[in-house]
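Participant: Chain by chain, the residues:
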Amino acid sequence: MKKNTRRNFLYTAGTCALSGLLFTGCKTLDTMNKMLEVVKIDAGPVSSSQVQSLVKTGQAVAKTFESFTPEQEYYIGRTVGATALGRYPPFNNPMANTYINVLGQTLAAASDRPDTFAGYRFQIQDSDEINAFAAPGGFIFVTRGLIRCCKDEDALAAVLAHEISHVQGKDGLRAIKQSRITSALTIIGLEGAKQFGNKNLAALTRTFEKSISDITNTLIVNGYSRTSEKKADIAAIEILNRVGYAPQGLLEMLTQMQARLKPGTPDFAKTHPSPHDRILALEPWIGPYIPYPQPQPRLERFTKYIAWV
Amino acid sequence: MDRSMSVQVRQGHVRKTPTFLGIIVERLSYGDKVLILKDKGDWLDIKVEGTGTRGFMHISALTTKKIVFNPGDEEAKKTATSDEFALAGKGFNENVEDRFRADNPHLNFAGIDRMEGYGVSEKQMRQFLFKGQLIFKGENP
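Chains as they are written, first to last, in this note's numbering: chain A, 348 to 656; chain B, 8 to 148.
Misleading hints may appear alongside valid ones.
[Said to hold, decoys possible] Selected chain B positions facing chain A (in silico; Cβ < 7 Å):
1) Lys97
2) Gly118
3) Met122
The hints are simulated quantities; they were obtained by calculation from the structure and are not laboratory data.
Please read all numbers here as calculations on a predicted model, not as lab measurements.
Beta carbons are placed, not taken as given, at the ideal position from N, Cα and C, and that holds for glycine.
With the rest of the complex left out, here is chain A (with noise of 0.2 Å):
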């Protein structure tokens, strides 16, 4: 009862405050009902600040992913990052990894999202299956089993540059369903000037919770859709040739790729179309494979640092 009285106390003082302020009575009204709908939580009586700032999250059930804030995409990104490194562990090589962030960020830096909230870092992992995840604000993983399927430096970059594309492109925000964005922008709003109450942070953990579940469903369980993947080759293609890789260097990655996929693992085959559809869909890009040179110092620091893994 107590809890009903609240929320007819909200409605109330918001249908009041809005009318007032906007001027756009039933629209308004309509809007926050739904969003209180969404977040189902008890609110409480609200100040006249906490509606100001209802009115101006007013907009959240329009939003989508792209109103996540960096600074949200991170924090996204981090708990994603810790549920992939719960399915193949970290593998700890210092001299592996800082060689893989220092092509990764170089990467990066030539991307048309260089800048995310922290940075992007690369992670390897203790697994011979062949994958990769890219997380949200720029942590990307990729496999010993992968990493073995790259002969040279460009083919690794290649890799990477496909992952990055993910970053660029926010596909892993994309997964997040309009209902959990529409809670969590809701409940933000609902905060006023105040931290959160142990119930709205309940409430938004909650949230949150369910928004990396879409995400590592997507990454881990089902894949992007085939025109992520496409737009993350062709994305990655711009990426090699602005910091001096050979394109081509995609192309013999997914060749060693398809020799090496074992049909019915539970790896990249599951959540990528097949390197040889892939190969297929870059020719008018790239063109046909053809061998291209590798100055001898890049392919030496690579037999150094990294493919040994």
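Based on these hints, arrange chain B on the given structure of chain A.
Facilitator: What follows is chain B alone, placed relative to chain A:
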């Protein structure tokens, strides 16, 4: 063009030239404001509000929204809609992560913290490109 933008990343770099390998002339914090003098593709010719430093910043580090650290402050009250401001440190934040972590102790956040330590400097990048005989064409794409 004479508009203000805010830094939307943890650390924003103002560079001497419009390229990622350009020399950093000032480091800005989340929420700092810059004045846009000229668009130069994805690189913006800017002046830092306060210090007056001139340089270039990549558009991905900036937002037209005001970054508000306290939604009760005057600045937030003055803005009309959420399209015009973003609440720093709100929403999915450290508190939410802490609460989530308490319920999911099996997840490897220590691994993520370690991963965040793998920062790379521009100097390392320049050496990497030079030694690998790579020509960075990332500037002014």
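Participant: Under 7 Å is the threshold here; is the Cβ of lysine 97 of chain B close enough to any Cβ of chain A for the hint to stand?
Facilitator: holds (5 Å)
Participant: Using Cβ atoms only, decide whether methionine 122 of chain B comes closer than 7 Å to chain A, and label the hint accordingly.
Facilitator: holds (5 Å)
Participant: Can the hint on glycine 118 of chain B be confirmed by a CB-to-CB distance to chain A that is less than 7 Å?
Facilitator: Constraint on glycine 118 of chain B satisfied, holds at 4 Å.
The structure fails none of the hints (numbered hints given earlier).
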